[in-house]
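*Asks:* Now for the letters of each chain:
2 protein chains.
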Amino acid sequence: MVGSVGNGLANLADKPAPLPEELDPKKIIDSLPSEAESNGIEEKETQGSEIEKKKREIVLGRNVHTTCFSIVEPEADDELTGEREAYMASVLARYRRSLVERTKHHLGYPYNLDFDYGALSQLQHFSINNLGDPFIESNYGVHSRQFEVGVLDWFARLWELEKTEYWGYITNCGTEGNLHGILVGREVFSDGILYASKESHYSVFKAARMYRMDCVKVETLISGEIDCMDFEKKLLQNKDKPAIINVNIGTTVKGAVDDLDLVIKTLENCGFKDRFYIHCDGALFGLMMPFVKRAPKVSFKKPIGSVSVSGHKFVGCPMPCGVQITRLEHINALSSNVEYLASRDATIMGSRNGHAPIFLWYTLNRKGYRGFQKEVQKCLRNAHYLKDRLKEAGIGAMLNELSSTVVFERPKDEEFVRRWQLACEGNIAHVVVMPNVTIEKLDNFLSELVQMRSGWYGEEQGKPPCIAKDVGTDNCLCGSHDK
Amino acid sequence: MVGSVGNGLANLADKPAPLPEELDPKKIIDSLPSEAESNGIEEKETQGSEIEKKKREIVLGRNVHTTCFSIVEPEADDELTGEREAYMASVLARYRRSLVERTKHHLGYPYNLDFDYGALSQLQHFSINNLGDPFIESNYGVHSRQFEVGVLDWFARLWELEKTEYWGYITNCGTEGNLHGILVGREVFSDGILYASKESHYSVFKAARMYRMDCVKVETLISGEIDCMDFEKKLLQNKDKPAIINVNIGTTVKGAVDDLDLVIKTLENCGFKDRFYIHCDGALFGLMMPFVKRAPKVSFKKPIGSVSVSGHKFVGCPMPCGVQITRLEHINALSSNVEYLASRDATIMGSRNGHAPIFLWYTLNRKGYRGFQKEVQKCLRNAHYLKDRLKEAGIGAMLNELSSTVVFERPKDEEFVRRWQLACEGNIAHVVVMPNVTIEKLDNFLSELVQMRSGWYGEEQGKPPCIAKDVGTDNCLCGSHDK
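These protein sequence lines map, in sequence, to chains D and S. Here the UniProt record's numbering is used: position 359 in the first sequence is 359, and no number is missing along the way. Here the UniProt record's numbering is used: position 421 in the second sequence is 421, and no number is missing along the way.
Misleading hints may appear alongside valid ones.
The list treats identical chains as interchangeable, and a pair is accepted whether it falls inside one copy or across any two copies.
In silico EDC-like links for lysine to aspartate or glutamate, alpha-carbon gap of 20 Å or less [to be verified]:
1) 367 <-> 79
2) 239 <-> 165
3) 367 <-> 116
4) 302 <-> 414
5) 367 <-> 77
6) 469 <-> 191
7) 374 <-> 77
8) 239 <-> 85
9) 163 <-> 448
10) 293 <-> 329
11) 469 <-> 153
12) 441 <-> 219
13) 391 <-> 401
14) 412 <-> 191
15) 374 <-> 79
16) 367 <-> 75
17) 302 <-> 474
18) 293 <-> 261
In short, the hints are calculated from the structure, not lab data.
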């Protein structure tokens, strides 16, 4: 099959080949732009949606398959009439409006939606790709390694690891950080058992399945922290194999911070000295804790192997991203030479978003440690405010000491949950107070919740759920635990 | 640790706590903005770089650790003086200039650098995140699932899989597509052996290591295609275990397209009927081939399990992304319910870039099948032009029939390789002709190459390398094979 395309190409040059029949726009398009325009963003239904709905019911939740913006083959004269441009502009304008509305009402996920990257819009024009290892130039020149390494240096310093002793990269999200940290752990201890508290992020258990590792779930305290008594018990049952531990610096649901020092002490007491690898999942609080007085320290001066943090959470970024820092010595276990990139690739993804490092660099440079400290203080203050107001209103709620995640009784109305974009689990929901969550926003939320809730419970509708098992009897106000 | 942060917070509210000593800007900053400004983007050296250089020499290539833009703690009066803003603006302006220059001279990687997403810059302001499964709404409202599913529908139609029978998502890059496809294969056949030609992308072998799969490398023909004779031999040696096969729809280096039909026939002949899973790595050509006359078809009407393609390659996108399509029935093997997201998450990454689907949607809608067909024809024509001119100039070169990747003798001068950002392997380099690669650009490249090359070889410097083993004797012009 090597070689001459001569005749074929000559033909193409003379006369464009007709569209293959299966690509004929008339045959493949079953919905036209005008249909799409006639309905709102949420309501559009395409043909055959009833059948699809039925088939798709094997998956959970609402089906967006039938509400999507289909891609429609342009008419031959679209460029002349400008109709295509007009259609697309109208879709985008409506979409933008919905984003403004949704951003305004968002409370449940730990994303700082307050950022202004106007100065960086000039770069959207470039295909910036940090192929492979950040510390090694690839031949692809349109990269942003200079920014990436600057950001990594900042984080390595924050977590106290020398420039000459760390390795890291900017990931696509917190999950990639966990996947990477646990993989490094497995490469260091190939027969290691993965330990993680049952309130760890689901990506940790996904990693265990992907990597074919034995995984032991450890119990948690009411706060959501890992229960080191149970951890000890399980370590002693598996004394013969090294331990790879995921330590949560802020759990997903309750924002609980595992006690790193106690985890290390437990490992050493159980005889695991030099036979353990600790990955710290600092998705959200990894960046907040250094600025909280009295918070236990995440530091490479302790025997930890890696730390990951999300970039789109506390920092804020248009797209998900994260930072992964590990010890350079461990990376040798993972890497393999690939001449194609002139790059030793120890990352999980080969091609990497080169814009994300610039967003992070921009915010870190503008705010600095001092700026973050101020914002952390504001978040903790506002979280405290929310928890107090909830309890005053008779709604069970909990706030961990080092956290801005307020856990409370799950609102009964699903529409309310969706409107405020609350993340829920069982009988509890949470609000994560980020820098963009103001007192005013919280007041709006509170008054709406209190007002609606008065209609949810009462003589006929029954009592609010008991959440004592989630937040402890002190924090549950369901009636039987109320003091 | 549950509960009251009362006193601590009250203190914080009254008077900001002092910066912890280790965060004192004066102690942690060893380079100031003015230093950074005094040097060009490439030349900046920070203190201690000599030591770092030494330590880092264990990794390949040039070290960018010492040339990065450090993050510097803002001075207290920065907001007033505006110096910080000015410094950052100057860094960005110089960076932008370098991107323009590098984009202009780029030839080696299969990225279409020609796009205009000005209409989408209004969306950069939002933190768009398609958490989890694209077909299931999560409670996080700032997403772009409507666009994502529209794009997926378009690709499913291209590869002939019904809307009701496919599952897929927009990935972060081609690697994620391969990681996903191979993982699905392993979940379908847990004891399957992974087969891939030795010219497959390195992410395929990375997947084998990550997933702890047995992996068998298959030989290739000179063209770069999988050698099905060798494939047969290796299948017969492992008859007892199912086969998971990575089929290349365009190899990385030579742009060779594996013969899918022959692969399937080989599997069936060897008795693997219903005991194989095929993942098609269509990183680049997955999107070009449907528009090439006579190209064998990638289609789910054939017994394949998944197809992936990159979005930042032929389509063009500011950041890496990709499309992954697989059969809905397979996804059940992989998924697990996670109430947190109200979403069954069968993706590899949990948080996913919500901007990428909009970029893809925008281009697919604007260009349509017809637009892509035109661009594919132009690329093939220009690739043919480049190959012919190279050979006329006495430089060994090869172009596979279905490809726009021109493989040729590796230029001797590394500075030239870097300037044109060529990807090299052994004695060969390649140019991937993308829509932004014009005849004019190729002419500039050719004349520079021919001129410089005349100084590389001759009486005293020796002969150009023989590349017959890479491109075949017909295409090598080293002298001994010349006809």
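*Asks:* Now look at each hint and say whether the structure bears it out.
*Replies:* Here's how the hints hold up against the structure:
| no. | hint | result |
| --- | --- | --- |
| 1 | 367 <-> 79 | between (45 Å within a copy, 10 Å between copies) |
| 2 | 239 <-> 165 | neither (30 Å within a copy, 47 Å between copies) |
| 3 | 367 <-> 116 | within (12 Å within a copy, 31 Å between copies) |
| 4 | 302 <-> 414 | neither (44 Å within a copy, 43 Å between copies) |
| 5 | 367 <-> 77 | between (50 Å within a copy, 12 Å between copies) |
| 6 | 469 <-> 191 | neither (36 Å within a copy, 41 Å between copies) |
| 7 | 374 <-> 77 | between (56 Å within a copy, 16 Å between copies) |
| 8 | 239 <-> 85 | neither (66 Å within a copy, 56 Å between copies) |
| 9 | 163 <-> 448 | neither (50 Å within a copy, 40 Å between copies) |
| 10 | 293 <-> 329 | neither (32 Å within a copy, 51 Å between copies) |
| 11 | 469 <-> 153 | neither (42 Å within a copy, 44 Å between copies) |
| 12 | 441 <-> 219 | neither (35 Å within a copy, 63 Å between copies) |
| 13 | 391 <-> 401 | within (16 Å within a copy, 71 Å between copies) |
| 14 | 412 <-> 191 | neither (46 Å within a copy, 46 Å between copies) |
| 15 | 374 <-> 79 | between (52 Å within a copy, 15 Å between copies) |
| 16 | 367 <-> 75 | between (49 Å within a copy, 10 Å between copies) |
| 17 | 302 <-> 474 | neither (34 Å within a copy, 61 Å between copies) |
| 18 | 293 <-> 261 | within (17 Å within a copy, 65 Å between copies) |
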